[in-house]
Amino acid sequence: MIREFSSVDLIFIAMAIRWTLILSVIAFIGGAVGGLALALSRTAHSRALRWLSMSFIQVFQGTPLLMQLFLVYFGLAVLGLPIDPLVAAAVALTLHASAFLGEIWRGAIQAVPQGQSEAATALALSYRDRMRHVVLPQAMRVATAPTVGFLVQLIKGTSLASIIGFTELTRAGQIVNNATFQPFLVFGTVAVLYFILCWPLSLLARRMEARMRLAVTR
Amino acid sequence: MYRFNFQPVFDNLDMLAYGAWLTVQLSFTAMAIGLIVSILGAVAKTSSIRPLRWIVDVYVEMIRNTPFLIQIFFIFFGLPALGISMSPNTAALVALVVNVGAYGTEIIRAGIESIPRGQIEAGRALALTPTQIFRYVVLKPALRNIYPSLTSQFIYLMLTSSVVSVISANDLAAAGADLNARTFASFEIYLVLTIMYFLLALGFSTLFGTLRRVFFNYPAGR
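Protein chains in written order, with full-length UniProt numbering: chain W, 1 to 218; chain A, 1 to 222.
Here chain A stands alone, though its shape is the one from the complex:
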């Protein structure tokens, strides 16, 4: 019979909690930068400049049809051949941003395309500047329309970020791997890690629900 031994886990809960904090930081930074990349990507994809659309298409398809693990290997091990070297933590952040940017671009593009033309024309009739039209008439309602898909993509990003531990970037999974190398209580450690990731996902989803009520709490038009 297998004897469970959770002692090493309980003795090092502070270390795991710190790892969880690093995962939260990494995910939020990647989300914030990734959101900007996604908006720029979506704007480029809906623009009238064909080469720009084409470049974004190549980026999105390349990222969406290859595994994140290979992307992070390529960025961390492959790019130094071109003279671009990064620390594991930076490479992890870059890989996550590049990854979520591709999915986010597609999601936000769908949001922008869901805005009826009449709404933009109404903005123009009200003498709004093009920047104002983009910000208030296109982008905000677009984000509101695709909010559920975007935030579930962000939660998926946080779960995916566990993979960055393979290039020895610091996060929750890396803290667990460290503990495992010292104590060999493998199953117990990964069980607790899984529970911690689940709680993080629940926390994120609660937070996104609150943000939705703060930013998009106005009656739907149409």
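Isolated chain W, as found in the complex:
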């Protein structure tokens, strides 16, 4: 039965935003942990660690997110685990975010002048203290703008979770469209909702970047 697009549908779609947000937050937190590990490995002394982290980043940046989602989704069955779209999407997006954040943060760590790290070593600080109190705080200033920018990419990326059957914003739109057959209205609404989520972050990233550039040229 085809019915009219009503306020009930609008509420259904709007409520699905929470799954888009939950997925984004999980992937961002997981990606932050993974990304930090990758960034530290990329800038480590050990050649093996550097090579491993570089390969990880290259593979995840050089393959489609959609394929990563499918691989994790069907990979759960290979490992004998129950197939759960939320788990699959969370794991795939976490790995994806780790690779991108790892690369962004590696750049930020390398942007900190070498002398800073050398001075910390000369003061007999351990690797941990050197990173925690000297290098990372300075790297963070460089990293914030592109990190916020990546967050937009991540939120948009969660839409692909709909393809493996996870009901977030995009999938909610598809469900309503199947019932009402008003694709112009439904997908237009979904697009506006994504825009409301992403645009403020884009603006924030741009403002931070502009402020950063001022600070550098000054």
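What the hints contain is simulated information worked out from the structure, not anything from laboratory work. Note that the Cβ used here is the ideal one computed from N, Cα and C, for glycine as well. Take the hints with a grain of salt, since some may be wrong.
Some chain A residues well away from chain W (every beta-carbon gap over 12 Å; in silico) [what the hints assert, rightly or not]: (1) ILE36; (2) PHE74; (3) LEU199; (4) THR210.
Pulled a few chain A residues facing chain W out of the computed Cβ check, cut under 8 Å [said to hold, decoys possible]: (5) TYR2; (6) MET62; (7) ASN65; (8) LEU69; (9) PHE73; (10) GLY78; (11) ALA81; (12) THR160; (13) GLY203; (14) LEU207; (15) VAL214.
For the chain A half of the interface with chain W, some residues (derived, Cβ under 10 Å), not all of them [said to hold, decoys possible]: (16) PHE28; (17) ILE155; (18) SER162; (19) TYR197.
Once you've looked at the hints, dock chain A against the given chain W.
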């Protein structure tokens, strides 16, 4: 224990190879048209006509802040309501062009703005026509400056194009989905697909490196 079965994949490698060829064709067509859209967009954005700049701004922000999946749904399912119907393959191409055009516009605009005014004035002093100035003094050095960001955006476009299989357009991901529906060797199929996409990305990146040496192999000024 899971038993791996790569037989269906190896039996149908020709089908997957053909799918990869379709992905290459689709990506290159989208890149070529997308490059033109991007250049026009960047010119409009750096022009002195305010409404023109405003229109391009709206286009760029709309595309950059919504997922590609929704864009392709809107174009393929939504636009027929306005009387614009397209085949899945055409809709896929249009969606990719519209998408990459927005990112490309921003990238090329940054390139154009990186050209020092003095360079344009020098072109004028040499009595070059405005077209010549734009082509040789502004556009070419601008493209050279932003070449790395532009080409990585193009590689990202090729990876994103895997999404067009959801509206049943023909490409590598669709060939894989087809094979999966017939054989159910899901993990094996998607593993091979992922490897194929990775090889395509490597190939593109090698090609772009070569093109750079062909077109922009002259010493940097300034």
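Comparing the hints with the structure gives:
no., hint, result
1, ILE36, "holds, 25 Å"
2, PHE74, "violated, 4 Å"
3, LEU199, "violated, 9 Å"
4, THR210, "holds, 18 Å"
5, TYR2, "holds, 5 Å"
6, MET62, "holds, 7 Å"
7, ASN65, "holds, 4 Å"
8, LEU69, "holds, 5 Å"
9, PHE73, "holds, 5 Å"
10, GLY78, "holds, 4 Å"
11, ALA81, "holds, 4 Å"
12, THR160, "holds, 7 Å"
13, GLY203, "violated, 11 Å"
14, LEU207, "violated, 14 Å"
15, VAL214, "violated, 23 Å"
16, PHE28, "violated, 17 Å"
17, ILE155, "holds, 8 Å"
18, SER162, "holds, 4 Å"
19, TYR197, "holds, 5 Å"
Hints 2, 3, 13, 14, 15, 16 from the list above are not met by this structure, while the remaining hints are.
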